[in-house]
Amino acid sequence: MNLQHSNNYFPDLVGQKAVKRKLSFYVDAFNKTGVCPFLLLTGAKGLGKTEFAKGFAKNLVNNDGTKRNFLELNCSTIKNNEQFFEQVFLPLIADNEITILFDECHALPKDLTMAFLTIFNTETSTKKSFEWNEMSFEFNFKKQTFIFATTESDKIFPPLKDRLTNVDFEPYTKSELGQILKLCAPEATISDECLEVVSTSVRNNARNAVMRAKEISLYCGAKEKYFFSLRDFKDLCKNVSILPLGLTYTEKQILEVLNKHGSATLTGLAAKLGLSKTSIQKDHELYLLNKNLIEIDGRRKITSEGIRVCKQLEKL
Amino acid sequence: MKKGRPLAYTRITYEELGMYVASKASIPVSKQWLDTITGGTETTQKPIKFDHDADKARKPLEHEHSNKIEYELTTFE
Chain G
28 MNLQHSNNYF PDLVGQKAVK RKLSFYVDAF NKTGVCPFLL LTGAKGLGKT
78 EFAKGFAKNL VNNDGTKRNF LELNCSTIKN NEQFFEQVFL PLIADNEITI
128 LFDECHALPK DLTMAFLTIF NTETSTKKSF EWNEMSFEFN FKKQTFIFAT
178 TESDKIFPPL KDRLTNVDFE PYTKSELGQI LKLCAPEATI SDECLEVVST
228 SVRNNARNAV MRAKEISLYC GAKEKYFFSL RDFKDLCKNV SILPLGLTYT
278 EKQILEVLNK HGSATLTGLA AKLGLSKTSI QKDHELYLLN KNLIEIDGRR
328 KITSEGIRVC KQLEKL
Chain H
30 MKKGRPLAYT RITYEELGMY VASKASIPVS KQWLDTITGG TETTQKPIKF
80 DHDADKARKP LEHEHSNKIE YELTTFE
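Chains G and H, in that order, give the protein sequences. The number in the numbering used here is simply the position in the first sequence, starting from 1, with 27 added. The number in the numbering used here is simply the position in the second sequence, starting from 1, with 29 added.
If we strip away everything but chain G, and leave its shape as in the complex, we get (with noise of 0.2 Å):
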């Protein structure tokens, strides 16, 4: 199958070429045999995942040849399978034709999950009768289309992932990204220079891009602009505080103490932030790290990219 193929199944998405090479294998599967595997949606935050997820929903078509509905659910409300069953299986899903997300599916009740276990313990049959609390729900996998999604594939009991297909999302390149702010600000015609600089303000993640064109857009609305520069960008980013490489305010502190001491513990660099070592490891290392401005030796260390860029830093 051709990118040209993937393409048509989905036309408004950018990138992410693998990922719509095999979703349009399961919808050109789906059309010839009716069921689709139980796909597993993973990768980071803002990568597309229920984006996509919508996008292959749209291409499958019911018996009736009408459009097959899709329901979206975030797992971290359901707290266990009485109210899944009541509030969501009986009225929405048993006997329907739909596609159903189960978004960050790592947070799915621990009951529920068990439940999984049975309900998608499937060979070759395209029926299940799933028996609970005495009574029978059955689960039709010609009529039900079942996707879960999540950024914590670790946390998913192991023996539930095993009965689910994998499609693990790659990062965006900058030109994607690029097609990305360009495609979500359509009313704005951004310079090539601009886009290059702009796409490096992303944090490599889509949400943000498309976050970003919408800023681009009220500024051109605001100034009545239709181009938009790099002049006008640093203009924005004065405006909405948007620091280089997409920087957070918290991330620009740790590279101005890292720069100021040279290198610094974890212990040491929370008491000067005054946050906690598990914050600064999980919410604010990460992307430094990613963009090679810090390195971890033991210690906490500045590289001669992150003095370049707090170089950048204070002349703002």
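Wrong hints could be hidden among the right ones.
[Unchecked claim] The following label-pair restraints were derived from C-beta to C-beta distances:
| # | chain 1 | residue 1 | chain 2 | residue 2 | range |
| --- | --- | --- | --- | --- | --- |
| 1 | G | T145 | H | Y49 | 37 to 43 Å |
| 2 | G | M238 | H | E101 | 18 to 24 Å |
| 3 | H | E99 | G | D181 | 22 to 28 Å |
| 4 | H | Y43 | G | K309 | 53 to 59 Å |
| 5 | H | E101 | G | T227 | 28 to 34 Å |
| 6 | H | E99 | G | K309 | 21 to 27 Å |
For the record, the hints were derived by calculation from the structure and aren't laboratory data. Think of the CB as a built atom: it goes at the ideal place given N, C-alpha and C, for glycine as much as any other residue.
Given chain G, put chain H in place with the hints provided.
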């Protein structure tokens, strides 16, 4: 095997219910159901569930709406 709404609810005739509770008793019912039969204009006390163990002090339990599952249903054109 039965098929239908699970647990929590059971069927009882109005006549039979009257044998157990008096006419002024407060009965918790689904707000949606009540709105359906009253046309959504009925104003009653908020449904509060009570612990039936007579030895324990009566304490209100969580209201139904705090346990709603968040979902979004999309219909494609």
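- Task: Check each numbered hint against the structure and report the violated ones by number, ascending.
- Result: none
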